[in-house]
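Build the full structure now, drawing on both the sequences and the hints.
Number of protein chains: 2
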Amino acid sequence: MSDSAASQRLASVQSHLQVAACSSKEEPRKKTPIESMTEEREKATFDVRELTYYLDGGEKNTKIREKFMMELERDPTFRMYDMYDVTKDEIRVRTMEKFRTIVHYVSAEPVPIFTMRMQTISLIDPGFWTRFGVHYGLFFGALRGSATSAQFSHWVSKGALALNGMVGCFAMTELGHGSNVAGLETTATFDAASDQFVIHTPSVTATKWWIGGAAHTATHCVVFAQLIVRGKRYGTKSFVVQLRDTRTYTLMPGVNIGDIGKKMGRDGIDNGWIQFTNVRIPRTNMLMKHTKVSRAGEVKEPPMAQLTYGALIQGRVAMVVDSGNIAKKALTIAGRYAAVRRQFQSNPHDVQETKLIDYAIHQYRLMPLLAMAYAFHFTGVETQKLYDNLMDKLESTQPDDAGLQDTLETLKETHATSAGLKAFCTWSTLSAIEACRQTLGGHGYSAYTGLATTYNDFAVHCTWEGDNTILTLQSGRYLVSCYREALAGKIQPEGVDYLNSLDTLLTQGCAVKSNEEILDFNIIQQAWGVVTANVVKKAGDDFAESLKQGMNPEAAYEECSQARLAAAKIHSFGYVFRRFAQAVKTAPEGLRPVLTKVCLLYGLYSIEQNAGFFLQYRYFTPSQMDYVRAQVNVLCRDVRQEYIPLIDAFNYSDYMINSPLGVYDGNVYEKYFDQVKRQNPVGQPHPYLPLIQSLLRRDIEDDEPLEEDDEDDE
Amino acid sequence: MSDSAASQRLASVQSHLQVAACSSKEEPRKKTPIESMTEEREKATFDVRELTYYLDGGEKNTKIREKFMMELERDPTFRMYDMYDVTKDEIRVRTMEKFRTIVHYVSAEPVPIFTMRMQTISLIDPGFWTRFGVHYGLFFGALRGSATSAQFSHWVSKGALALNGMVGCFAMTELGHGSNVAGLETTATFDAASDQFVIHTPSVTATKWWIGGAAHTATHCVVFAQLIVRGKRYGTKSFVVQLRDTRTYTLMPGVNIGDIGKKMGRDGIDNGWIQFTNVRIPRTNMLMKHTKVSRAGEVKEPPMAQLTYGALIQGRVAMVVDSGNIAKKALTIAGRYAAVRRQFQSNPHDVQETKLIDYAIHQYRLMPLLAMAYAFHFTGVETQKLYDNLMDKLESTQPDDAGLQDTLETLKETHATSAGLKAFCTWSTLSAIEACRQTLGGHGYSAYTGLATTYNDFAVHCTWEGDNTILTLQSGRYLVSCYREALAGKIQPEGVDYLNSLDTLLTQGCAVKSNEEILDFNIIQQAWGVVTANVVKKAGDDFAESLKQGMNPEAAYEECSQARLAAAKIHSFGYVFRRFAQAVKTAPEGLRPVLTKVCLLYGLYSIEQNAGFFLQYRYFTPSQMDYVRAQVNVLCRDVRQEYIPLIDAFNYSDYMINSPLGVYDGNVYEKYFDQVKRQNPVGQPHPYLPLIQSLLRRDIEDDEPLEEDDEDDE
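If you're matching them up, the sequences are chains B and X in order.
Mapping of the first sequence onto full-length UniProt numbering: position 165 corresponds to residue 165, and the numbering continues sequentially without gaps.
Mapping of the second sequence onto full-length UniProt numbering: position 541 corresponds to residue 541, and the numbering continues sequentially without gaps.
These are calculated hints, taken from the structure and not from any lab test.
A quick note: this is a predicted structure, and the numbers were derived from the prediction, not measured.
For each residue, glycine too, the CB sits at the ideal point set by N, CA and C.
Where hints are given, some of them may not hold.
No farther apart than 20 Å at their CA atoms in a straight line, the calculated lysine to aspartate or glutamate pairs in the EDC-like style are these [said to hold, decoys possible]:
(1) X:LYS232 with X:GLU298
(2) X:LYS677 with X:ASP82
(3) X:LYS355 with B:GLU559
(4) B:LYS262 with X:GLU90
(5) B:LYS88 with X:GLU554
(6) X:LYS262 with B:GLU670
(7) B:LYS88 with X:ASP82
(8) B:LYS355 with X:GLU554
(9) B:LYS355 with X:GLU559
(10) B:LYS30 with X:GLU185
(11) X:LYS262 with B:ASP85
(12) X:LYS88 with B:ASP85
So the derived list for chain B, only partly shown, Cβ under 10 Å to chain X, looks like this [said to hold, decoys possible]:
(13) LYS88
(14) GLN119
(15) VAL167
(16) HIS177
(17) GLU670
(18) LEU695
See the structure below:
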């Protein structure tokens, strides 16, 4: 080493030491992420635990849910920390591993308790929830709803309830038919000679498609097919068809099955396609609780087909409940991160950057969604009650009962309400998940922060078990029909009772002396009543006009479909607000002040989002609307004060949230970094190293032309 | 075999034959999917090819794009048919494989042509587009924008342009800092003794995060760090730091790097995190075009820091262009499927079910989005022009020029416009992708139908290179400042020229004699002008009020952030409508009638979506608004007539679309089924067979209690 080089080296070492000394200089004290979170909890004006009990329907339920969370977290088959990295094959293996545990609880727990367990699971692993639901909800549910009691006993004895010896799936949709179940192409032709049905897929579009569990794991299937007896078609009925040998798992003769493959989410479900080529099943495999085919080929159809529709509603109610639960999960992640993440200094004198949640715009992004999560929670509870009440009535009603008409009315109302709410709540929740994801900034794009997967898993709710647009139109059709009944003087049920006072309501304005009076549940409820009555009237009048012009009812409904869609959406806003307001009124006294604010925010924000209708029908004046807008901001700021306690009340454990940005203690950066390093250890070899090396060392002349040789020119 | 069994068997065979005969009975002739598509093409009232030329900016460009599509489709490294199934590791290998081809074109093609090639690629493989852009757009762009000419030559000689010997990445964001670049924590401390900078990561939150290409493939990095000289901080500057040995690819001393891991989309990019621990680089590795640090440690700062902002705008403009292009792709898939998919019969006498697109509600779901795709296309073209114009001015302007003020005005306008449009267009397009996905019904959830991946890839646009909310607020701040200038009498540029006639505009109503006159570009433009002027005034007045109350400007801007957000969004609607209307006016005569309809639909639909503002500021009366709503439906029906030709004009090949539901010929079911079977061949073994078998054959007594032994009771 030369002298000069040595002295330079020495200087460098010295400066190293200087730099090290420099960086240990003391800075003004800043709050750690954990401290930033802790201070939020001190702002609660209410008892968080009491709110949790209220949300859960009592302390006992909270304890049960906490027991589930602990059991699942400690169950090795339910490990979730690495779920964002597993492949489609791996996640399917995991799904099957979980079956054994959960099958145990099916028989060990009463149904309401087991239902709560499954709700907890739906938040942790939606793919497993669905795969398990395919057997118990769809396959077994179809047996319970459509089999005779002898048939039901038969399949239970084969292991359908214990999930022992058989596992089922449910084949309704086809490649070419989803919503139009009546248009399914698969045929079930009665062969009197052999006393069998022949199940057949006549075309590519008739291929059963999206069948959860069919690709690899189901042995039996409830198949929807066109019943054909003696050449006559009787519509779509259901049949139990064995798909695989229950020991070897080889396909049964005539059954061809493949994997649907990669999906947007819920890859834990092995969705498959099925083609039947003249597959013969015993006649008694047709589920004959309603329509019956005798040995002689006589078809007996049920007196009251409507009474069979109850089963369809269950899935929709479950999705309304799931919407609230998933919204709460998304808000827990986005909300907690916003209490810890700091960016920019709103005041240059602050020692520390400002929390995201202290920006007005961030409050405006999150607080209305938090209010929505509460609104959907209470709506889910009420919708479940509506459904339970319906099922009680259906089970106790016989076709010749005196109470039949009442039961049918309840059915109609519950059907339309659950259809409209399923669409409304799943659409709103999907948007909320994305909005929450975006509030995480760039980190929302990481798989580990959880909301990307939540979005992809949840998105299917908008199209399955009734496409949302079609369900919304059905709900709109119900509203039109209620409107026409109301015009004819028939009193309408609670859900649409604004139709009972059309005369006064349609032209009613907001008659308050001062704007402050708008901050009142009754005014907001009236506002929604007036506006909903008007948009329903618009749809109903369009419909009537089309009838007058000579259209048949179907064409007239089609003609007013845009108005129906608008009517159903507006109706849902008002409906959900009322569920929330009702829940606030019946809440324990100590919770009412905070819940009142949250509920007012939901009401006013929804009005702001639909301002056009409130101005159009002149319920609010432009200046009142300005007041509403301003109050939304005020309420956002107000709810923000104790929004972390409001989120804590959801009582989701870190394990359930499965996002380092949503951890309870607020230590987001370290946990996020740990997660990234655990899933992607440093120094791992990577498969494209040779590709880069050869790229960077390539012979550049490859791209250059050959030097022209002068001799060639001669 | 007994006689009876034999005769039963015979009967069974006979009935088989009967069934077979039965199913070959002739049915009324139905249109095939291909025929369903073909008939749509016959409805064109315009020359599709001419529209393609107009969209592409001339026949020559169309030919170039078609050449690209062919070259890419035939390039084995660009095979896309299996991309929905590849793992993160595989897709990263694919990304590197593509580099070799595209690097060839970098040097072989002029920049404008190569830019067109990259736009084509952005539609095919957005992950590759980004990874490639990390080197040329970000790393090389930073050199071009921030290096002195000597530094630039140095890095070019090292292979930065040819991508030979080195490949770069760009380390701006940190775990704890994204939007607030000035708040980055990484330090670059000048060590005069060694004439070096010491690059250092002082904390976990200072870890460079999301750095595209850092995880495995980059050798060099432009690092943003706080310049510290003699203990004084000079703000964030950029430094070239070598990350890896360019031959062995081992990490340089003091550099620690890991993989960020799984993301929502664009997994082809190896995003990484980087920690620097006292890494020493030569002083001359600081990019010194603007700020300079001399050998003696003297810091010279640039006279006009604003002139360096131009570079930020490029990425935003690219995203505006990408929004239009991706919207066109989503509409091609959803639109073509809607012409072929049939569901339900709207008329019971039809021999065939009704096409989705013949339902009013489906038209209402898709036609406004098609109009939006056109609007965004033309907006992209104009924004690109705005940017090119700015860059010309920036390159020819010196700080002491007479034209400096004009250049700064253009910079300010382009900066705000591109920020607002980036947010507006990416948000709207993301929603449009999801809306299109949902119109595919259940099939939209399949990975193979393309829109799930499109959504996941596109979503990042909303948060990177300027978070959308922050950009929208910036745009709103610009509008407030323009409004205040206008009040002070200063004439405002074209983009905000509604501010030049505030006196008359603010209270103007729609003065038409009959509603039909609303169907006019000038009226719609005036409508947006009036409403935008009012919402901007609202934000401006809120701001002024806060100032009056003694707030500092920053606090006042914060106070009116919700009003700024609304102002920027409404402004963007009007701005985009004007770009579209302008493009219609200058279109070839034969295209004007159809484009006029599409443009009117965009204008009226946007008004309907924002009805609250038009009623609030009384530009439209409620009855005029009813007319607008009705006309949206009429225009949807109208545009539907030739919507397939309008989609065909986008001229995206089946290869680019990469969705069996969007194929040109309409043969969707066969191609979809083929794709599913090719990617998931039947009869493949699956890894969870033993799990199911043991589940279904388990000893049920496991779950049951031991029988009590009487003897124990004694």
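Going through the hints against the structure:
Between the alpha carbons of LYS232 of chain X and GLU298 of chain X the distance comes to roughly 11 Å, so the proposed pair stays at or under 20 Å and holds. The suggested pairing of LYS677 of chain X with ASP82 of chain X holds, with an alpha-carbon distance near 12 Å, which does not exceed 20 Å. Proximity of LYS355 of chain X to GLU559 of chain B is assessed by CA-CA distance (about 16 Å); at most 20 Å being required, the pair is judged to hold. Restraint check for LYS262 of chain B and GLU90 of chain X: the C-alpha separation of about 16 Å stays at or below 20 Å, so the hint holds.
Only pairs whose Cα atoms come within 20 Å are accepted, and LYS88 of chain B paired with GLU554 of chain X is rejected, the gap being roughly 50 Å. Distance hint between LYS262 of chain X and GLU670 of chain B is fulfilled; the C-alpha atoms sit about 18 Å from each other, no more than 20 Å. For the given pair, LYS88 of chain B sits about 15 Å from ASP82 of chain X by alpha-carbon distance, which is consistent with the 20 Å threshold. A distance of roughly 16 Å separates the Cα atoms of LYS355 of chain B and GLU554 of chain X; the hinted pair therefore holds under the 20 Å criterion.
For a cut-off of 20 Å, the pair hint linking LYS355 of chain B to GLU559 of chain X stands: about 16 Å separates their Cα positions. A threshold of 20 Å between alpha carbons decides the hint, and for LYS30 of chain B with GLU185 of chain X the separation of about 14 Å falls inside it, so the pair holds. In summary, the hint linking LYS262 of chain X to ASP85 of chain B is supported, as the alpha carbons are separated by about 7 Å, within the 20 Å threshold. Proposed proximity of LYS88 of chain X and ASP85 of chain B is supported: the alpha carbons are some 9 Å apart, at most 20 Å.
A distance limit of 10 Å between C-beta atoms decides the matter here; for LYS88 of chain B the minimum to chain X is near 8 Å, and the interface restraint holds. Annotation: GLN119 of chain B was flagged as interfacial toward chain X, and the flag is violated, the nearest CB pair being 23 Å apart, outside 10 Å. Satisfaction of the interface hint for VAL167 of chain B is found here, the shortest Cβ-Cβ separation to chain X being roughly 6 Å, below the 10 Å cut-off. Interface hint at HIS177 of chain B: satisfied, since its Cβ lies 7 Å from the closest Cβ of chain X, which is below the 10 Å cut-off.
The beta carbon of GLU670 of chain B is positioned within 10 Å of a beta carbon in chain X (closest approach about 6 Å), and the interface hint is therefore held. With a least beta-carbon distance of about 6 Å to chain X, the hint placing LEU695 of chain B at the interface is held under the 10 Å criterion.
Hint check: violations occur at hints 5, 14; the rest are consistent with the structure.
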